[in-house]
Amino acid sequence: MDTFLIGLAAATLRVATPLIFGTLGELFCERAGILNLGIEGTMLFGAFVGFAAAGATGSLWLGLLAAILAGMLSGLLMGFLSVRLGVNQHVSGLGITLLLTGLSYFSYRLISGEKALQPTITPFDPIRLFGNLPVLGPIFEQYLLTYLAILLVPLAWLVLFRTNFGLKMRAVGENPEAADAAGVNVYHTRYLALAIGGGLMATGGAFLSLAQMGTFTFGFINGRGWVCIALIIFGNWEPFRLLGGALLFGLVFALQLRLQSTGLQLPYEVFLALPYLVTILVLAIAGRNTAAPSAMLKPYRRE
Amino acid sequence: MLRFKIEKAPAPVWFRTLIPFIAIVVTFIVTSVFIIWAKANPFTAYYYFLIAPLSNPVSAIEVLVKGTPLLLTGAAVTFAFASGYYNIGAEGQLLAGAIAAAGLGMVLGPLPALLNIPIMLIGGFAAGMLWALIPALLKVKLAVDEVVTTLLMNTIILFFISWLLNGYWRDPVSHQPQSATIAPSTVFPKLVVHSRLHLGFIVAVLVIIIIYFVIKRTALGLQMRSVGLGKDAARFAGVKVGTTMLIAALVSGGIAGLAGVGEVAGIHFHLISQISPGYGYTGIIAATLGGLNPLGVGLAALFIGLIDTGAQTVSSAMSIPIYLGNVVEATLLLVTLSMFVLQNYRIKRV
Chain A
1 MDTFLIGLAA ATLRVATPLI FGTLGELFCE RAGILNLGIE GTMLFGAFVG FAAAGATGSL
61 WLGLLAAILA GMLSGLLMGF LSVRLGVNQH VSGLGITLLL TGLSYFSYRL ISGEKALQPT
121 ITPFDPIRLF GNLPVLGPIF EQYLLTYLAI LLVPLAWLVL FRTNFGLKMR AVGENPEAAD
181 AAGVNVYHTR YLALAIGGGL MATGGAFLSL AQMGTFTFGF INGRGWVCIA LIIFGNWEPF
241 RLLGGALLFG LVFALQLRLQ STGLQLPYEV FLALPYLVTI LVLAIAGRNT AAPSAMLKPY
301 RRE
Chain B
1 MLRFKIEKAP APVWFRTLIP FIAIVVTFIV TSVFIIWAKA NPFTAYYYFL IAPLSNPVSA
61 IEVLVKGTPL LLTGAAVTFA FASGYYNIGA EGQLLAGAIA AAGLGMVLGP LPALLNIPIM
121 LIGGFAAGML WALIPALLKV KLAVDEVVTT LLMNTIILFF ISWLLNGYWR DPVSHQPQSA
181 TIAPSTVFPK LVVHSRLHLG FIVAVLVIII IYFVIKRTAL GLQMRSVGLG KDAARFAGVK
241 VGTTMLIAAL VSGGIAGLAG VGEVAGIHFH LISQISPGYG YTGIIAATLG GLNPLGVGLA
301 ALFIGLIDTG AQTVSSAMSI PIYLGNVVEA TLLLVTLSMF VLQNYRIKRV
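Top line first, the protein sequences correspond to chains A and B.
In terms of my numbering, the first sequence is numbered consecutively and its last residue is 303.
In terms of my numbering, the second sequence is numbered consecutively and its last residue is 350.
Only chain A is shown next, with the shape it has when bound in the complex:
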């Protein structure tokens, strides 16, 4: 296999990593009945908190831990608004994105000051899973978080479809009244799902600052959260299909980057817009037959 394809495959995995974390996080929220539009802000907040905490403590792992905790807090805030108070999920999610975006930039500016020199950290090193084997060696020279993301896919499937907690989560996402009648605590289950989801989203953001880029800048997430919202629909709320969607998006993105650098005069924007257009097309075709959890967007109140 030539270097072009090897590079392409490696880049696909790299680009897909934050999307895998993000979509799995969103999956937990939506399966429990909450559309969490806070994802874009939560990913950015995770990237920032991870970066700042790693810079302050000198430990990338503590940075990652702080990012996860920050993401869980974001999930709990979404829970307070949409689960406890029953506020409109669209607007509260968007509000969380606006809040965490503003907060990340505010704090970043406060910490870094007006210095011309950007603060940097030494990011995670990639790990060669297959040593110096041809083809597989260079493709699987990825960050630990990438391998973790891929491992999380079957794990999320197991949790969702093979555990009691997963059953509860799907029950409150499909029919909270029935779940409640069967003795499931709808509020707690949704809170927990949102906290897990937020933690995963933030990890996706922290992958960018702690591994791939080793820095934090403005416009860092750049719509990746919205891509995840689209991928969920594209992947029909199934973990393995989500992985497929994320890899496909990663491939298209990596391909356009490489075609751009070869100097070919291609409108690369078409490639970038493609996943969004395809998602709208999927929505149009699938229409109301999508497997969206039935109770999504509906607040639940115990009378």
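Calculated from the structure, these hints are not laboratory results.
Footprint (simulated), chain A over chain B, 3 or more residues, beta carbon under 8 Å:
| hint | segment |
| --- | --- |
| 1 | 30-42 |
| 2 | 137-147 |
| 3 | 159-168 |
| 4 | 331-338 |
For each residue, glycine too, the CB sits at the ideal point set by N, CA and C.
Given the coordinates of chain A, work out where chain B should sit on it, guided by the hints.
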């Protein structure tokens, strides 16, 4: 452990009008944490935030300048939300209007301004409607959730703008990716000399007044509100739910398009990809804070214009990061939302 539950108990009507004001106070208390973190005095900061911008005419006019696009995106969001159509796409529809204005501004040169300005407005309105069309049709015909589709359309149009500005429309004179400057006869006249306040402000105020009458006083407005309250009941009462929603969605897109026209023809005079720092999303804040009442939304939009201007004053006077403005606005949104829910409920200890 302290446990509480929420039970239904509607608050009196007078309380509803007070909510945005209480929300503003709560927001400022909450956000003073960040000001203290920035080692500044919250009271001084809020002086620069809210009072200093209004204390001299130059920055007071700037509040109206910053409020102009927000009046329009706030109106756009209100018009859609009133009929239960959650248009999150005001941002993209604004950009569509901006593209139309930049395009028309490049070709309309020879015509007189008296003719050009209405053409610019109509063109921007039409472009906004066009960008709102696909999500609206999908919602009405196929019951596809409009939130996700309008959100996706916001991103798609950014790629379209990037394609335009890196290709056909790229101004060869400029180092930045931007379109050529629009013809002088398509530039909005200034309302106050040596300021940035332009005709778009009057357009925005008119739009607010018009949608107030449409929503409150016309048959269409009544139909929209009944659909917003409940589709099944509206259908039972003989309202054409699909048509009503479609009209609301398209007009909403058109109004957002006008905001883009104003930014091109009144402020920037060419198209750049960062022409909107999220005015479409901030419009949702204005609509929520104004309780979806157009007049309230107008006041809320101007108030957010004040916060935007104040954030600059605070930033330059006390070197607190300018993003404090975004934090305050988002907090205000979440606090207002929560309080509007709580007005119908009572928190009770159990």
